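Visitor: If you're matching them up, the sequences are chains A and B in order.
For what it's worth, our numbering labels the leading residue of the first sequence as 11, then goes sequentially.
For what it's worth, our numbering labels the leading residue of the second sequence as 11, then goes sequentially.
Hint data in this document are derived by calculation from the structure and do not stem from the laboratory.
You may find that some hints are simply not true.
Treat identical chains as interchangeable: a pair holds within one or across any two.
Claimed, not checked - Heads up, simulated BS3-like pairs for lysine-lysine below, C-alpha to C-alpha not over 30 Å straight-line:
1) Lys145 / Lys30
2) Lys19 / Lys30
3) Lys30 / Lys96
4) Lys45 / Lys19
Everything numeric in this text was worked out from a predicted model, so none of it was measured.
Protein chains: 2
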Amino acid sequence: MNVNKIPKKWELIEDRLHAKCRIFEVRSQHFRHPKDGREGDFYVLNTSDWVNVLAITPAEEIVMVRQFRYGSRELSLETPGGVIEKGEDPVVAGLRELREETGFAGKSTRLLSECRPNSAILSNRCHFVLAENVKKVAEVDFDPNEEIETVLVPIAEISDRVRSGEISHSLALNALFNLFLEKGLSIA
Amino acid sequence: MNVNKIPKKWELIEDRLHAKCRIFEVRSQHFRHPKDGREGDFYVLNTSDWVNVLAITPAEEIVMVRQFRYGSRELSLETPGGVIEKGEDPVVAGLRELREETGFAGKSTRLLSECRPNSAILSNRCHFVLAENVKKVAEVDFDPNEEIETVLVPIAEISDRVRSGEISHSLALNALFNLFLEKGLSIA
Numbered sequence: 011m012n013v014n015k016i017p018k019k020w021e022l023i024e025d026r027l028h029a030k031c032r033i034f035e036v037r038s039q040h041f042r043h044p045k046d047g048r049e050g051d052f053y054v055l056n057t058s059d060w061v062n063v064l065a066i067t068p069a070e071e072i073v074m075v076r077q078f079r080y081g082s083r084e085l086s087l088e089t090p091g092g093v094i095e096k097g098e099d100p101v102v103a104g105l106r107e108l109r110e111e112t113g114f115a116g117k118s119t120r121l122l123s124e125c126r127p128n129s130a131i132l133s134n135r136c137h138f139v140l141a142e143n144v145k146k147v148a149e150v151d152f153d154p155n156e157e158i159e160t161v162l163v164p165i166a167e168i169s170d171r172v173r174s175g176e177i178s179h180s181l182a183l184n185a186l187f188n189l190f191l192e193k194g195l196s197i198a
Numbered sequence: 011m012n013v014n015k016i017p018k019k020w021e022l023i024e025d026r027l028h029a030k031c032r033i034f035e036v037r038s039q040h041f042r043h044p045k046d047g048r049e050g051d052f053y054v055l056n057t058s059d060w061v062n063v064l065a066i067t068p069a070e071e072i073v074m075v076r077q078f079r080y081g082s083r084e085l086s087l088e089t090p091g092g093v094i095e096k097g098e099d100p101v102v103a104g105l106r107e108l109r110e111e112t113g114f115a116g117k118s119t120r121l122l123s124e125c126r127p128n129s130a131i132l133s134n135r136c137h138f139v140l141a142e143n144v145k146k147v148a149e150v151d152f153d154p155n156e157e158i159e160t161v162l163v164p165i166a167e168i169s170d171r172v173r174s175g176e177i178s179h180s181l182a183l184n185a186l187f188n189l190f191l192e193k194g195l196s197i198a
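Chain A extracted, bound-state conformation (with noise of 0.2 Å):
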């Protein structure tokens, strides 16, 4: 149980494209343990952050988006989010997401936490915003692949959407789990 048995850090050792995939780039890295000298090889994909926003109406409502997911094969009720622009910041790239795919915007808004989306194989973050008394102030504004409903959900219904499978991305059920955490909402 002792926290440095092991090393932090395996040494990378090489690095080199493997697969360039438009959003994302498949890496292959070599890696060497610091201490016993193994080697490996890993695939890594290298993409930029990503933004997820917890939008609450006055009502205690959340601003989510059902959509049709390209990995699942599936329409799939999420917070909305998106791919933080080089250079972005993170609060600035939630507000931008949250507008195009939903027409809503907030002045109460701050960086909540983030995460990892998956450690073992991605090398980038999700950072989590708070908006806070979002109103609808404009009409929706689609990327092209992109067909978005709005769904406002009440805050008191969000534990019973999860426990039936309804909201079942990784992320936003992350981003969920952050407001109970935020607001020390028991969860009924």
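Go by the hints and put chain B onto chain A.
Guide: Below, chain B alone, put in the same frame as chain A:
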């Protein structure tokens, strides 16, 4: 806000291998919108389903593992888990991973829930298994590139360890959120 506005599925028109990456494949997939005929190309990672285990000791501790992760290039504190083998039952797979990584085993086990690790780019699911009254019954049995430290975290400390960022892997966070949902624990 009409649930039926968005068609349930885009049609998959073409699906070809883009890159082999040992534990996953990148597929290049061409989809067509069923109503307006729009078409688009998307990269999707095909991989086996994963499992993550919430293993709880009689003293109300969660059996967690700390290991170096090649994606994030840092040590990561997570719930034990891994890849489900072809045809393997998720509960059996979870108990196998738990035993290999920590030497712990339990008799009171069941499937708790599942999530989509990333509906946008991953085709697979992650299953969450609950194992109660677990005890250390064996020595660890690591895969060649694994080096894993067992860490017993009291359930009462989980919220703080999430808030501090010590637990940051999205699937571990999902597992813990599920535990709160299952046990109706209040979040302090």
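Visitor: Next, verify each hint and record whether it holds.
Guide: Going down the list of hints, with the structure as the test:
When the C-alpha separation of Lys145 and Lys30 is checked against a cutoff of 30 Å, the pair qualifies neither within a copy, at 39 Å, nor between copies, at 45 Å. Taking the shortest alpha-carbon separations for Lys19 and Lys30, both the intra-copy value of 26 Å and the inter-copy value of 26 Å come in at or below 30 Å. In the homo-oligomer, the alpha carbons of Lys30 and Lys96 lie at most 30 Å apart both inside one protomer (18 Å) and across protomers (28 Å), since each shortest distance falls under that limit. Proximity of Lys45 and Lys19 under a CA criterion of 30 Å is satisfied intra-copy only: 10 Å inside one chain copy versus 51 Å between copies.
Consistency note: the structure conflicts with earlier hint 1 alone.
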